[in-house]
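**Student:** Given the coordinates of chain G, work out where chain R should sit on it, guided by the hints.
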Amino acid sequence: DGGITQSPKYLFRKEGQNVTLSCEQNLNHDAMYWYRQDPGQGLRLIYYSQIVNDFQKGDIAEGYSVSREKKESFPLTVTSAQKNPTAFYLCASRPQVAVNTEAFFGQGTRLTVV
Amino acid sequence: SQQGEEDPQALSIQEGENATMNCSYKTSINNLQWYRQNSGRGLVHLILIRSNEREKHSGRLRVTLDTSKKSSSLLITASRAADTASYFCATALNTGFQKLVFGTGTRLLVSP
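Residue numbers (our numbering), protein chains in the order written: chain G, 1 to 114; chain R, 1 to 112.
Treat the hints as calculated values from the structure; they're not laboratory data. A quick note: this is a predicted structure, and the numbers were derived from the prediction, not measured. Glycine included, every Cβ here is placed at the ideal spot set by N, Cα and C. Treat the hints with caution; some may be incorrect.
Computed far set for chain G versus chain R, every beta-carbon distance over 10 Å [stated by the list, open to error]:
no., residue
1, Thr20
2, Ala81
3, Glu102
Which residues of chain R face chain G? A few of them, derived with a C-beta cut under 10 Å, are [said to hold, decoys possible]:
no., residue
4, Arg41
5, His57
6, Gly59
Isolated chain R, as found in the complex:
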């Protein structure tokens, strides 16, 4: 079964707007990671946040983690058409930490 569930499933915005995606998970984790996938391609790692961290930034990306609610959010600020892709959260579980489990993904469309 998939550990993470992303919300919304799809998001359509205009260039310059911010995009927020949420991820909920079920069990204790070591870390949570966000990945991007362009259509028909492999995944590319964006950012990793450890279980003892609450917020992390990387360029236009901001990730938050709330372990009490078992949820995370990814914010992309000042979006560009090139940000159009699917975004997935992945959790590295506390038991058997090398097992990396992905969520269902959010499809983001950024229109010029």
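Isolated chain G, as found in the complex:
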């Protein structure tokens, strides 16, 4: 089945550690996104990528890094520089060629700093 998969579903991190969240899609979409959602809040854009080997900072990129080496994959690393990383992280993808297209979301990764 086509879709977008995030792993793991739950992730626990000790303070000072880097962690990487996985996002894989088999929809052949060019554009991929990472969002952060805090309890009772909306989604805030961390990074997005429109094409392989290219990505752009969103509104809250500090303390995060990404790579886009393959079209299917857009991993997000939460670094120790991110002061408040506990949140729900959502990955999404969209086709590139059409402007008016919907986004498809993964089921999210809940990251907790312990």
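**Tutor:** Leaving out everything else, chain R in the frame of chain G:
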């Protein structure tokens, strides 16, 4: 910063009633989209309305767009308990159209 602001933040209604949520945004857009999120899950796309459209329907959903006021509304008619979720608007901006920016969401509770 978030482009869209939904109003109200929370809405509680009875089954069978209509639910209306509003979204305001700040800059020119290519399209506006509405999504639904069940608690602790990913978002699911509901409907997309283009900047040159004023109204769109999909089943029990009706979306309007007023670009002069930079606002949109989502109407869910004859609501059901299963409609309980958070609803978000998202705008695809005119500059860098692949940047999809979400609002703050409306939490809808539909009681049986």
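**Student:** Which numbered hints turn out to be false for this structure?
**Tutor:** 3, 5, 6
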